[in-house]
Amino acid sequence: DAKTTQPPSMDCAEGRAANLPCNHSTISGNEYVYWYRQIHSQGPQYIIHGLKNNETNEMASLIITEDRKSSTLILPHATLRDTAVYYCIVRGGNLYGGATNKLIFGTGTLLAVQP
Amino acid sequence: KAGVTQTPRYLIKTRGQQVTLSCSPISGHRSVSWYQQTPGQGLQFLFEYFSETQRNKGNFPGRFSGRQFSNSRSEMNVSTLELGDSALYLCASSLHWGTGELFFGEGSRLTVL
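If you read the protein sequences in the order shown, they are chains A and B.
Numbering-wise (our numbering), the first sequence opens with residue 1 and increments by one.
Numbering-wise (our numbering), the second sequence opens with residue 1 and increments by one.
In short, the hints are calculated from the structure, not lab data.
All C-beta atoms, glycine included, are put in the ideal place defined by N, C-alpha and C.
Treat each hint with caution, since some may be false.
Among chain B residues calculated to face chain A with C-beta under 10 Å, some are [what the hints assert, rightly or not]:
no., residue
1, Gly16
2, Tyr35
3, Glu48
Derived DSS-like pairs (lysine-lysine); straight-line CA-CA distance at most 30 Å [what the hints assert, rightly or not]:
no., chain 1, residue 1, chain 2, residue 2
4, A, Lys102, A, Lys52
5, A, Lys69, B, Lys57
6, A, Lys3, B, Lys13
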């Protein structure tokens, strides 16, 4: 699975959009980008994933560049409850029967939403 | 719909003992994965199960083992505990195998003295 690079920490004002970047320059054609977050003392929470098109759900939007070497997770109106560590994960699809749920977590970005 | 349930939530053991952790997946979910989280190593994959079969295993010693039952519930066992096994052990379930959309429990925090 491709390695990802994320800034260790970011701040965001409450009510503003939080834009979390992720670099995955070695991503291959069949690998998806997943985002999870982990609020202190809780298990990780799935946010969103995408292959090459931009994706949006009730939690966030995922913007993937055309060359797929980087992506941005957007929380449109950050609240204090969005303070968490955000993980960007690149994961291969099912190839040659090698299906797996394995996720390789990096160190993530600690997003601190300020009042 | 109930989430992933892990028991016990907290436990303290001494070196050399063994421990069993339990995970009940979301109803209808057939795949269960286990992860270890420590301050030094972060989140690391332990193993995953689907249809009572271990499908993948992380880079952990043989002291770490697990199993899945016919009702999809899973247990993991750590034998001959070491101080370094102190960690948050997280279980995650998914509806299908081979999906990256996992639902995590709140974990079992193990302290080894």
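Results of checking the hints against the structure:
no., hint, result
1, Gly16, "violated (28 Å)"
2, Tyr35, "holds (8 Å)"
3, Glu48, "holds (5 Å)"
4, A:Lys102 to A:Lys52, "holds (21 Å)"
5, A:Lys69 to B:Lys57, "holds (29 Å)"
6, A:Lys3 to B:Lys13, "violated (36 Å)"
Consistency with the previously given hints fails for numbers 1 and 6, ordered from lowest to highest.
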